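Listed here are the chains, written in short residue letters.
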Amino acid sequence: SQQGEEDPQALSIQEGENATMNCSYKTSINNLQWYRQNSGRGLVHLILIRSNEREKHSGRLRVTLDTSKKSSSLLITASRAADTASYFCATGPNDYKLSFGAGTTVTVRA
Amino acid sequence: KAGVTQTPRYLIKTRGQQVTLSCSPISGHRSVSWYQQTPGQGLQFLFEYFSETQRNKGNFPGRFSGRQFSNSRSEMNVSTLELGDSALYLCASSLEEGAFGMGYGYTFGSGTRLTVV
Chain A
1 SQQGEEDPQA LSIQEGENAT MNCSYKTSIN NLQWYRQNSG RGLVHLILIR
51 SNEREKHSGR LRVTLDTSKK SSSLLITASR AADTASYFCA TGPNDYKLSF
101 GAGTTVTVRA
Chain B
1 KAGVTQTPRY LIKTRGQQVT LSCSPISGHR SVSWYQQTPG QGLQFLFEYF
51 SETQRNKGNF PGRFSGRQFS NSRSEMNVST LELGDSALYL CASSLEEGAF
101 GMGYGYTFGS GTRLTVV
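Protein chains in written order, with our numbering: chain A, 1 to 110; chain B, 1 to 117.
Be aware that a few hints might be false.
To be verified - Straight-line alpha carbon distances no greater than 30 Å define the calculated DSS-like cross-link-like pairs of lysine-lysine that follow:
1. K57(B) with K70(A)
2. K57(B) with K13(B)
3. K13(B) with K26(A)
Unchecked claim - Estimated spans, in silico, between C-beta atoms of each pair:
4. S51(B) with S51(A): 44 to 54 Å
5. G40(A) with Q18(B): 21 to 31 Å
6. N71(B) with S28(A): 17 to 27 Å
Claimed, not checked - Calculated from the model, a selection of chain A residues having no Cβ within reach of chain B, i.e. all distances over 10 Å:
7. N18
8. Q33
9. V44
10. L61
11. T64
12. D66
13. A90
What the hints contain is simulated information worked out from the structure, not anything from laboratory work.
It should be emphasised that the depicted structure is a prediction, and the values quoted were computed from it without experimental measurement.
Beta carbons are placed, not taken as given, at the ideal position from N, Cα and C, and that holds for glycine.
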């Protein structure tokens, strides 16, 4: 079973707009990670945020973490066509494994 | 440096057959994990190896097995294939550096797409 849920399941935006997706999880965590997957290919690690951090930035990505609400959000600013992909949050590693959410499919329209 | 390499990229097998998938981690990475991805179940953890030792195994039947060699390369095997085994199988490697709780990201391969007919 998966650790959490992502919201929304799908998102369609215009190029240049911002995209925000949320991830909720069930158990306490040490770390939360975000990954991107392009069309059935492998996962690409985007960012890792530790449980004692509240916000982290990497280029056009901004991740927040609220451990009291057991939730995280990923913001992609000034989206581009190349950002079209599925985005997954994952908690862990715990016991050497990641627990993934169901993912958010983002489509960026030109 | 080279990424995580998975072979083969695509595979079609018949029910009842067995299959072996291969994964070469990034040079220097000693932790190798396997995940199964299906539309219905999403990304599910199969197992993790470190220095040839399995440290954790997911909730999969005994038909799913794996191993890691001394050079950190890993293989997973699925015996007596079922239609439901059709999936994208992803391998990930990690350097696993840093103190406990600091966390580490994984580098994934492009996956092996297995179709069971």
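Hint-by-hint comparison with the structure:
A C-alpha spacing of about 26 Å is found between K57(B) and K70(A), which places the hinted pair at or below 30 Å, so the restraint holds. With a CA separation close to 24 Å, the supplied pair K57(B) and K13(B) stays within the 30 Å bound. Proposed proximity of K13(B) and K26(A) is contradicted: the alpha carbons are some 37 Å apart, above 30 Å. Under the hint 44 to 54 Å, the C-beta atoms of S51(B) and S51(A), about 27 Å apart, miss the expected range.
For G40(A) and Q18(B), the hinted distance range of 21 to 31 Å is satisfied, since their beta carbons lie about 24 Å from each other. Between N71(B) and S28(A), the C-beta spacing of about 36 Å breaks the proposed range 17 to 27 Å. Against the 10 Å criterion, N18(A) stays outside the reach of chain B, whose nearest CB is about 24 Å from its own CB. With a cut of 10 Å on Cβ distances, Q33(A) falls inside the contact zone with chain B, its closest approach being about 6 Å.
Listed as outside the interface, V44(A) is inconsistent with that label: its C-beta sits roughly 7 Å from the nearest C-beta of chain B, within the 10 Å cut-off. Every beta carbon of chain B lies more than 10 Å from that of L61(A), the smallest distance being close to 13 Å; the non-interface claim holds. For T64(A), the non-interface assignment is confirmed: its Cβ lies about 16 Å from the closest Cβ of chain B, beyond the 10 Å cut-off. Even its closest Cβ contact with chain B, about 17 Å, leaves D66(A) beyond 10 Å, as expected for a residue assigned away from the interface.
For A90(A), the condition that its CB be more than 10 Å from all CB atoms of chain B is violated, with the nearest at approximately 8 Å.
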